[in-house]
Amino acid sequence: MNPVLEVKNLKKYFSTSKGVVRAVNDVSFSIAPGETLGLVGESGSGKSTVAYTVMGLYQPSGGHILFQGQDIAISHQKRKRVLKKELQIVFQDPGSSLNPRQTIEKILTLPLRLHTMDDNKNIKKIAEKVQNILSLVELPVEYMEKYPRSLGGGEKQMVAIARALATNPSLIVLDEPTSALDVSIQAKIIHKLIEIQQEKNLGYLFITHDLSLMRNIAHRVAIMYLGRIVEMAPAQQFFETPYHPYTRMLISSIPVVSSEEEKLKPGKIPSIGEIPSPVNLPPGCVFHPRCTNRLPICDKEEPKDFEIKTGHWVKCHLWSSNNN
Amino acid sequence: MSQLILDIKNLTVHFRVYGGYLKVLNEVNLAVARGEKVGLVGETGCGKTTTMKSVMGILPQPPGKIVQGKIFFQGKNTLIMKKSEIEKMRQTGISMIFQDPTAALNPVFTVGQQLYDVVRHSQSTDESHSRLSTQEVSIRALQDVSLPDPKRILENYPLQLSGGMRQRVCIALAIARSKQLLIADEPGTSLDVTIQDQILRLLNRIAVEKQMAIILISHSLGVIREWTNRVYVMYAGSIVEESTTEELFSNPLHPYTRALMDCVPRLTGGGTSEGIPGRIPDYFNPPSGCRFHPRCPQAFLLCYEKKPPLYRTNDVHQVACYLYQEANQ
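Protein chains in written order, with our numbering: chain A, 754 to 1077; chain B, 71 to 399.
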């Protein structure tokens, strides 16, 4: 199947007073229709920059973004409205992504009016559509009259998801949609998101720092560290045999709730050091100052992507050198 | 249980709002023994932080109001203490670290200025430190929290440090003087998972070295499981279950605890649950009886009528649920 989104060698640099920040450096991935790609990383790894660049909120410094085969590496202003209809985003904090002075009905009407070309004057029809969307995310119709402030955090996020769904997109970027919420509410939202995905064959680019969540919903997982994807694999394989030392450290650091999960951890690899400033990147492999399996080559040469198993890519000298 | 260091009895706290009271804490009972690592777990808004603020005496009153209950710290009721006694308790007895280290540190003073303040303030009451200079004590505190190059950090402003380092500074502030109890309110929540791991490991090491008791407040069941010996589960202002950590995670009893555990995504996979139906109750008009009953799949008539007491099901396990009332008879 043709991928709905293909990102090739994407770069996004920001120039600051301290120097150039290489927020995204040579990132490539693709998402098929109906697939969830989990893009996982710590703060400052560049995962949200990837999301915003895909959405057109930033103009890429290099590389290509192909949406259904068409290059969209242009700024938001230059994108066609038809394209914006197909690409939607849900932000982390629904409190600030919903207009506090508009009712839920108004919030949901706007995308409908903008993107349904034929009968955008027919008020009755639009009201009907708003009701349909609300019922899709299982919110009562009475909520149309309410303002965001009278809703709980989980309900607000449901409205944000409803707004993204309103235009009937084929790809939704989910930028940490549940990390501000409690687990019981997170479970509810995730459940709904999966249901909707299966129904509409949607592609999800799911940005998160929560690896255990990705184990349960992503088809493929990509780990980002300092603007690079260091490991990418199908979800199950990824958690069974993580290769990159950073991935192993990350999985070891997750607090888990059962001893079965404890067994999955690749030994207790203690987490050391902190993510360095993206202005002064370490030479060679960017992870080498925190790495426990460092080789002499690591601080000299940046490792290349290496396919260790089918579909399982890793960027590490430990694995590529053994096989060369 | 040996010597209790902290003993909260029937603590009920209300908040005055327009047109009435928010009935937030509802008869909370919680005890911590010397050197123990206790977890307090619950969702946002369940009253974890309110409980601990009451202990520290930093609950804003008004709007807060302690309606009933007693808080004993080392046998003395802190709610009837004089101001000077509370001051002393904070100097030598209890410390608290907060979720957001950026908000907890003053951005216009250097780490050194803030740390010196704390050290000087408490020096008069502590003999062991009196022979050391303020700076020496401060440097030792920064070394205790494994910060490299403490002399330089003393001169830094908080914004020059990373999130993980700021939280370490907060811990240094809390333990610059030896304390008997450290309350850690979500110490790793605003940090990345690898940094959270480092911070929790550090807290654990310090607690053992200094023989401090710790109350770890968290909404994450995983954090609680890995770093505590005993757990209290809180829901809507009440303690619903109490047990040793091992027992709680192998045999959760309260319907709320069970539902909460089902919601946690597992590393082993297995899909996601549908979440807990309904929403957290409104404190203005909380449900009668057991506050969980509107969301509980096993609720029956009694649950609507009366708040369930804690029933003991075995030596180490107590649960506030009528489903287990036979166990007590």
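If you're looking for bench data, these hints aren't it; they were derived computationally from the structure.
Watch out, some of these pointers could steer you wrong.
Now the in silico label distances, taken between C-beta atoms and shown as ranges [as the list claims (entries may be wrong)]: (1) B:213 to A:898: 43 to 53 Å; (2) A:772 to B:82: 50 to 60 Å; (3) A:876 to B:178: 37 to 47 Å; (4) A:948 to B:176: 41 to 51 Å; (5) A:876 to B:137: 26 to 36 Å.
We treat Cβ as the ideally placed atom computed from N, Cα and C, and that holds for glycine.
Taking the hints in turn, this is what the structure says about them:
1. B:213 to A:898: 43 to 53 Å: 59 Å, violated
2. A:772 to B:82: 50 to 60 Å: 56 Å, holds
3. A:876 to B:178: 37 to 47 Å: Distance hint for residue 876 (chain A), residue 178 (chain B) is violated at roughly 54 Å.
4. A:948 to B:176: 41 to 51 Å: Holds, at about 48 Å.
5. A:876 to B:137: 26 to 36 Å: Since the Cβ atoms of residue 876 (chain A) and residue 137 (chain B) sit about 52 Å apart, the hinted range of 26 to 36 Å is violated.
Violated hints for the displayed structure, listed by number in ascending order: 1, 3 and 5.
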